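Please dock the two separately framed chains into a single complex, following the hints provided.
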Amino acid sequence: MTDTVLPGAAAGAQNRERVRKSLTRRHRNETLFRWAGILSIAAALGFVAILFGMILSKGLPSFWQSTVHFEAYFDPELIQGGPRPERADFASPADHQQAVNTWQRAVTMSNWNKIVETGLREAAPDFEIESRDLLELVTSAGRFQLRDIYFADPEVLGQTVPVSILASANTDNWLKGTIDRSQPDERQQLAATTRALADQFEENGTISFDFAWHIFTNVDSRSAPATAGLAGAFMGSLYMMIVVIVLAVPIGVASAVYLEEFAPKNRLTDLIEVNINNLAAVPSIVFGLLGAAVFINYFGLPRSAPLVGGLVLTLMTLPTIIIATRAALRAVPPSLRQAALGLGASHNQTVFHHVLPMTYPGVLTATIIGVAQALGETAPLLLIGMSAFIANIPAGPLDSATALPVQIYLWQGNENRNFFEARTSAAIIVLLGLMLLLNAIAIFLRSRLEKRA
Amino acid sequence: MKTALYASAAVIALAAFGTNAAYAQSRNTIQIAGSSTVLPFASIVAEEFANAFPDYNAPNVAGGGSGGGKRQLCEGVGEATLDIANSSSKMSASELESCHANGVTDVREIVFGYDGIVFATGINQGDFALEPVHLYKAIAAQVPVDGELVDNPYTNWSEIDASLPDQGIFVAIPGTNHGTREVFDQRVLEAGCEAAELPEMDEDAMEAACLTPRQDVVVEIAGDYTETLARLQSNPEAVGVFGLSFYDQNRDTLKVATVSGVEPSLDTIAAGDYPVSRPLQFYVKGAHVGVIPGIEDYVAFFLSEQMAGAGGTLEAAGLVPASSEFLAGQLEAFNNAEQYTR
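Sequence order for the protein chains is A and B. Counted from 1, the first sequence has number 103 at position 103 by UniProt numbering; the numbering is strictly sequential. Counted from 1, the second sequence has number 50 at position 50 by UniProt numbering; the numbering is strictly sequential.
Excised from the complex, chain B in its bound form (with noise of 0.2 Å):
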């Protein structure tokens, strides 16, 4: 037995050592991860890139989410760790914390466009006009009736405001780990829930009243849009939550609701009409600049004009894109190594 033992140990110190030698030289392939809104745009990117400057390898670009990615970036520094996070939402106080706390010291915020969360329902359903405080009252686990918080009782949308369709209440929202939830709750939880008059009650409360779901009607996706549009072909009362460019992808079975009046396009969310818009952006890890080779041409590339600018590649793919000023100013930013703070 001790012989199977001394030859087992000898095996895998071996294995160990060949791959090591293996894997002597450096990573010459930037990792990126994170938003799932984000990877069709950051893959595109990623592909023509690789076109452009055939002296680089194509940069990978996994999902995962907003979360996932960011915390993938903050695990450390080092060629096993993440170069780039994909992010729809603002990495928030915590989240830098914890990247500080592993040594990742240089955050480096770029943002290179927008997108706005659509509401959308199968194509042959009513037509809805939504306002923030519709959907807070269909998706809130407790609303004010009367003056007092009681359990939700609402089944049916026209139950909320005569003006919505007789329709029963489905809702597939996107799950905590995207960032498009995080938005959601920003622009439009809470902005319904300050319409809906909640009585008086201390901050926590109000928070957990403005933003914890019910259970029975609500479904949170944690995967990605597909997931969201399968709900929506299994159940034709649903409606579910999508980005601009997803919908604009499948304009031929969903249909899209305004918010506040605006119907979500390019140019509403551009103008800033469309109320329920967020920047998209990703998180660059300053330690590897210039040890993994091309991060630098990929910001470059990624904020020029063909790419997220005004009439580039990305603008066809759905993203809304953000003034060439803003744009070269990012790049600046980037250059100078400016760091991200909360």
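Pulled out of the complex, with its shape left as it was, chain A reads as follows (with noise of 0.2 Å):
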């Protein structure tokens, strides 16, 4: 019996021999791919590790900045202006305000940066340095910050008060080890005597390194660097993504439940489905133009507002919202429209009752992707004068304003290198924190949403 080989039996060895055969190459080509996909995540964390170590290292330390705390006298000799006009004695509110411009009008001529100096020496009584040189260690905001202590209380006068006043870009590129502290004299920014001084305040303890809250608060600033602050930025971007989510999420919404529920399917909105597919690949510097063209040439609305903004962004999410939302409502099982529309609904409850509200995780994930992606956005923005300098912060949508990733893209032009290279990856990181937040936002409400669906 062992003689005799069948011929299918046979046939059967020699395919299990060549299966043996190849498995090892099998085996080996999987190992490979297993190994390039490792490799290749690996690579891609390895680059993000690079980026967000580089941005870390270089902008967490300008989010604790040198501050000088001192005695200041508000003296009554210096402060001008007189006392505060009182309401009562105006007729009408008119000229009551007419009165406190020109009372504060005075009050700022007055000479503040004589009140810091004396503050300042009163602090280092045995050190023999110049007005002008004594003058360059603290911000030269810092007159502005003591008019405004005395703004907000002007019982102030005459008494004297412990303030904590920012230390100049120079004093804190100095400190920070910034500069080359081995350069020459005439290659520092800061006189000798001034540098002096800072490192003794610095070690009795009248500099300290201080959370830099104003980074948050100010807006931002040319004449003071070192007061310059991010609030400007981020109201504009808010402003903007107010803007976006208003018109972007009900039009993107409700032309995609049209196109997908609604609208006849012939060449029309085959076209339509084309266009709106190619919109999504529109380099968004595009939109600019057409902002600029549109919105403030032909409709007339400022430059450098964030409704303008809002309306270029808005354009650029559109395509993103729409196509999520015709996929999302594509994915809803048509058994549940059947079941609706057998139990005697009409179409519209069909869709608004049950098709719909199916859809909004994916509508909701897809808007905050949108709108993180317009948060990010800085070239169309560009073109619309959102890139002008800008110091008040934006009351409204109508206000000039810029945006967080313009703001980056400013400080990372400013002269003043050693300082606004820490600033601007500070403002990097606090844009980065924005994401993630959004991100962390849609996630959450996606699981949510999920679990209730």
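Please keep in mind that the hints were generated in silico from the structure rather than gathered at the bench. Computed from a predicted structure; not experimentally measured. Each residue gets a CB set at the ideal place from its N, CA and C atoms; glycine is no exception. You may find that some hints are simply not true.
Every beta carbon over 12 Å from chain A, so not counted as near; a handful from chain B, in silico [stated by the list, open to error]:
#, residue
1, Glu109
2, Ile110
3, Asp151
4, Asp185
5, Gln186
6, Ala196
7, Leu211
8, Pro213
9, Gly286
10, Asn335
Listed next, with one range per pair, are the computed distances between beta-carbon atoms [claimed, not checked]:
#, chain 1, residue 1, chain 2, residue 2, range
11, B, Gly290, A, Ala88, 31 to 37 Å
12, A, Phe47, B, Ser234, 41 to 47 Å
13, A, Gln80, B, Ala316, 45 to 51 Å
14, A, Ile272, B, Ala300, 54 to 60 Å
15, B, Gly311, A, Gln200, 44 to 50 Å
16, B, Ala300, A, Gln98, 17 to 23 Å
17, A, His69, B, Ala316, 21 to 27 Å
Below, computed lysine-lysine pairings styled on BS3-like, alpha-carbon distance capped at 27 Å [unchecked claim]:
#, chain 1, residue 1, chain 2, residue 2
18, A, Lys58, A, Lys176
19, B, Lys255, A, Lys176
20, A, Lys451, B, Lys255
Structure (structure tokens):
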């Protein structure tokens, strides 16, 4: 029996042999692919780690900024303008406002630098230094900080009050060592005496590194770089995002529902669909050109306004939302529609009571991803004037403003490289933090909505 | 489909109406744009202006280069257009013509100070003692060799002149959108071209021969000075063109070259010794004075002693100040509505 080999069995053995031979090769291919995958993920993670490491190591120190603490004497002989005008002394609110403006201007024109100087000299009584070099130590906005203390509480007149004023950007550079400390005098920004005083102040605790809350509460500043903050850019971005959400979500979802559920399938709707898909791939700068031409030149909307920025970003976000919503609608099982229609619901009721609620997680994710994309968009904003230097916090969407990414671009171009390199990274950290927050909200809401659905 | 069309038309009309109604009140923020050299000075004035005059908004100051600023200024009259264009070069006859063609007939020029153009290298490079002719020979596409115009053969500074360091030629110059470029062309390339003794030719050919930069080792920077600085950092041999105030703030990374034996500084530029300097100015649209609130006060504040004057805030930021009589004269001309002519 053992000699008789059946033809079928021989073929089977051959096949088994072939499989066994190819097995090593196939295993090797699989291992290779696994390793290639692991390597590419490691490379991607490595780049992200390098990027984050660089940004964090550069940016984090600028959240702690050198601050000078001293006692300021609000000298009645130096502060002009007299007492603040009382409302009761004036016939109309307009007259009163006029008088207050005049008073504020007179107070501002007082020699506040002298008050800063006296206070600093008190803190270092034996130190010989020229006035000009001494004032280089603190930010030039120090005088306005003192003035604002006086505005807020005119009672401080004639009193000695402990104050904290930011050190100037150059002092901060010196103390943090961003400018090479071994460089000779002529390559340093500060005079030798100022640097010595800064070191002395740091040692005796007059200068300390405090958390720089003003990065979040101040607007950008050119005349006093140390006080530059993100508040203006943040509000600008916030107004734009509100405009984007208010316009893009209803228009986008409505278009998607109409196209997917109600529109007849013909050449025109096909054309619209192709165009929407193409629109999603249009470079964002093109939307900026469109915004400048249509919203500013034709409709006469103001330049640099978050409203215009929001409108431009809406155009950019719409395709994302429409495409994602249509995909979500298509994923709703037809049985749901059939059941609703079978029980007598109208087409409208079927869509709005049963189909659309199923797509909420998808729509929400699309919205937040779209908004996050819009938040990080820079190029179109440059073309509608949002890259201007703006020293006010915008009070509404029609006021001039910049946006967070544009602020990063502006700080990147600032001529005080030593100070603003770190500030730029700090702004990037804030922007990345916001992005992470938005994505976290998206994930949280999606998981909640999915559970409910 | 028709209903959708009508609906979208209605939505657009509604949006346009709504936004127009919301923007019925007139603009109360001064809009400024232009030269990136003037930008830091104008921004500082804008900020201090808002501090000194609490009843006005701080003006918006955008960059974009001198050319861009003047073009925007000349787009027309009305709230959507610019009020003031910063410029590091004089408005040319053709620019003024385009202004007039668009109805911007009242243009007032205000010169508020001076700025030097400096040539700088990385801190560890050799010392450059440049003459305009050296720069011309390094930058021009065609240079005279033995009385003949040939394609630029130089690859090393020491080939141009034995006194220059043994360093490969790579120069980052401002792009044509910058006012700095115009001054660079006039004061450096044309001057160097004359000294280089080109063979006889007609005027147009001469201008082309003088001003056309070579493409291989000269890069034209369209962005601001930080971009030039980045070039210097990536290519240690590069020589970059900067404004004096930018160099002044980055003395720890840049080494400056002397031109015709003079080192650029506030003093040498103010005295007129340093050859590559130019006035800085801004152009105000006269039709907006009195319409957009604050323009007169902004101009007066800009020209005041505490800002543009000697010892003022702008000098500390690197501006070469003009004399106080000159500034007073500029303010008077502005207040008398004296128009800029070419």
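Now for the hints, and whether the structure bears them out:
1. Glu109: B:Glu109 is indeed farther than 12 Å from all Cβ atoms of chain A, at 22 Å.
2. Ile110: holds, 19 Å
3. Asp151: holds, 35 Å
4. Asp185: holds, 23 Å
5. Gln186: Holds: least Cβ distance 24 Å, greater than 12 Å.
6. Ala196: holds, 33 Å
7. Leu211: holds, 27 Å
8. Pro213: Since the minimum Cβ distance to chain A is about 24 Å, B:Pro213 lies beyond 12 Å and the statement holds.
9. Gly286: It holds; B:Gly286 is separated from chain A by about 20 Å at its closest Cβ, greater than 12 Å.
10. Asn335: At about 21 Å from chain A, B:Asn335 clears the 12 Å cut-off, so the statement holds.
11. B:Gly290 / A:Ala88: 31 to 37 Å: This hint holds: roughly 35 Å between Cβ atoms.
12. A:Phe47 / B:Ser234: 41 to 47 Å: violated, 20 Å
13. A:Gln80 / B:Ala316: 45 to 51 Å: violated, 24 Å
14. A:Ile272 / B:Ala300: 54 to 60 Å: The hinted range 54 to 60 Å holds for A:Ile272 and B:Ala300, with Cβ atoms some 57 Å apart.
15. B:Gly311 / A:Gln200: 44 to 50 Å: violated, 27 Å
16. B:Ala300 / A:Gln98: 17 to 23 Å: Given a distance of about 20 Å, which is inside 17 to 23 Å, the answer is holds.
17. A:His69 / B:Ala316: 21 to 27 Å: Distance hint for A:His69, B:Ala316 holds at roughly 25 Å.
18. A:Lys58 / A:Lys176: holds, 12 Å
19. B:Lys255 / A:Lys176: Since the Cα atoms of B:Lys255 and A:Lys176 sit roughly 23 Å apart, the hinted pair holds (cutoff 27 Å).
20. A:Lys451 / B:Lys255: Violated, at roughly 64 Å.
The structure fails to meet hints 12, 13, 15, 20 from the earlier list, while all remaining hints are met.
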